[in-house]
Structure formats: C-alpha cells, structure tokens
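Trainee: These are the residues of each chain, in order.
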Amino acid sequence: GENVEQHPSTLSVQEGDSAVIKCTYSDSASNYFPWYKQELGKRPQLIIDIRSNVGEKKDQRIAVTLNKTAKHFSLHITETQPEDSAVYFCAAMIQGAQKLVFGQGTRLTINP
Amino acid sequence: EAEVAQSPRYKITEKSQAVAFWCDPISGHATLYWYRQILGQGPELLVQFQDESVVDDSQLPKDRFSAERLKGVDSTLKIQPAELGDSAMYLCASSLAADYGGTQYFGPGTRLLVL
Chain Z
1 GENVEQHPST LSVQEGDSAV IKCTYSDSAS NYFPWYKQEL GKRPQLIIDI
51 RSNVGEKKDQ RIAVTLNKTA KHFSLHITET QPEDSAVYFC AAMIQGAQKL
101 VFGQGTRLTI NP
Chain U
1001 EAEVAQSPRY KITEKSQAVA FWCDPISGHA TLYWYRQILG QGPELLVQFQ
1051 DESVVDDSQL PKDRFSAERL KGVDSTLKIQ PAELGDSAMY LCASSLAADY
1101 GGTQYFGPGT RLLVL
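Line by line, the protein sequences are chains Z and U.
For the first sequence, the numbering used here gives the first residue as 1, with consecutive numbering after it.
For the second sequence, the numbering used here gives the first residue as 1001, with consecutive numbering after it.
Be a bit skeptical, because a hint or two may be false.
Stated by the list, open to error - Partial list, derived from the structure: chain Z residues whose beta carbon lies under 10 Å from chain U:
(1) R43
(2) A70
(3) P82
(4) F89
(5) Q98
(6) V101
In case anyone wonders, no lab produced these hints; they're calculated from the structure.
Built from N, CA and C at the ideal position, the CB exists for glycine as well.
Use the sequences and the hints to build the structure in full.
Mentor: Printed below as a string of structure tokens:
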C-alpha cells in the first residue's frame, strides 16, 4: 500500500522567514496530494492541494510543488506569521483506491 | 459554510464499556470517512462509506469496532468493549466525490479517553 513520509517532525522559524515541509510517497499511482493545517484542539483544515498533472500551485503565501519522478512534494510558506503556527499534514491518494494516506505531521512554530 | 458535525466532542469511559460516536456529513456528500488520530500522529483511516455501503474497512478492528451509515447520510462508529489503547481523537470527514480525489472536509472530532 501507499506510505507517506513527512519531514521534519518539528520546525521553528522566525516570523517573516520561509518554511518548507517535505513529503515523499511510495506509490507512483498516487495522483492527489492535499495539505492540511491543524491547530491545537481543532479539526484539520485543507489549505492547499495539487493533482499529478500539475507541478506547482500557489495561493497567496502558500505554495505546493510536486516532483512525480522523485515521488515527493513540498509545502512552502513565505512571510510566515504567528498564526501559521500549527501542525501540518501532507497526504496522498492513490487513483482508484479512494483513500488518503497521511504523513506523520510537522509541528511548525513561528517565533515573533 | 456547511461543516461536518460530530458528537460528543469529548468522551471519558472505563475500559470494557461501550462507546458510540456520531457524525453528520456535509449535505450532499456521498462519501464519509472515519479516522483515528493518535496524539502526535496523522489521521489513519478506519472505514470509508460510499452512500450506505462500506468501501474500505481494512483497518477497522472488527472484533470491537463497528460502523454504520444506514440511510447513507449520518453515521455511527461504535467500540465495544473499549480498551486503553483506544484513547485517541476520532475524526469524521466527508467528500463530494471520492473517486476524483474529492476534497475531504473534517469534523471537529471526538476525543476519547479510556480509563
């Protein structure tokens, strides 16, 4: 089955700097890759996603890149703000399998 | 904006007792998922429904866990008997169309503590 590895497990950056979180997946049949943000005690919320026919997608300060050959995708957050502090999860969905496999999560802390 | 509803939000029980969680997906969402999230880890799929049918329950501990979605709308997840290792957050999610990589929207979760 699919396996998703996420790194780093914790990340601390200064406010205004950029943060990058990386995920690798094992099954080349995966074709959908969402990123979720989960604040303490709250539900995971989708912040951005990318499909396998696209290499990069941006939404204001957030971007996701996908390298299908290397089977990895990354979340980029620029001009970080204190409210970006949360746990971020990547996930992968295999076409036809209809289920998401999540990474282990990255706890991002933005230092003022 | 429509959201996935779950209840209760918190549940404390003793081991060997039965517990049940309820989920109401976003209206019109045919696909419903139950996940278990252990503290510090990502959500792990327990069961997936397409309308009232189970699509995937390969990770559901069927000796003690059961799930149903009788009318293809809301769903109940039950644990009987609960064990200490069941302490976790139980998340429900729904999506419009799973086979197209449909976006999954999560509920607030039920945090279970088994004593």
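Trainee: Would you settle whether the hint for Z:R43 is holds or violated, based on the nearest Cβ-Cβ distance to chain U being less than 10 Å?
Mentor: holds, 4 Å
Trainee: Interface hint check: Z:V101, Cβ to nearest Cβ on chain U, cutoff 10 Å. Holds or violated?
Mentor: holds, 8 Å
Trainee: When the nearest CB of chain U is found for Z:P82, is that gap smaller than 10 Å?
Mentor: Nearest chain U Cβ about 22 Å off; hint violated.
Trainee: Per the CB criterion, is Z:Q98 less than 10 Å away from chain U?
Mentor: Holds, because the Cβ-Cβ distance from Z:Q98 to chain U comes to roughly 4 Å (cut-off 10 Å).
Trainee: Is the interface hint for Z:F89 satisfied, with its Cβ closer than 10 Å to some Cβ of chain U?
Mentor: holds, 5 Å
Trainee: Regarding the hint that Z:A70 lies at the interface with chain U, is the smallest CB-CB distance below 10 Å?
Mentor: Where the cut-off is 10 Å and the nearest Cβ of chain U is about 20 Å from Z:A70, the hint is violated.
The structure fails to meet hints 2 and 3 from the earlier list, while all remaining hints are met.
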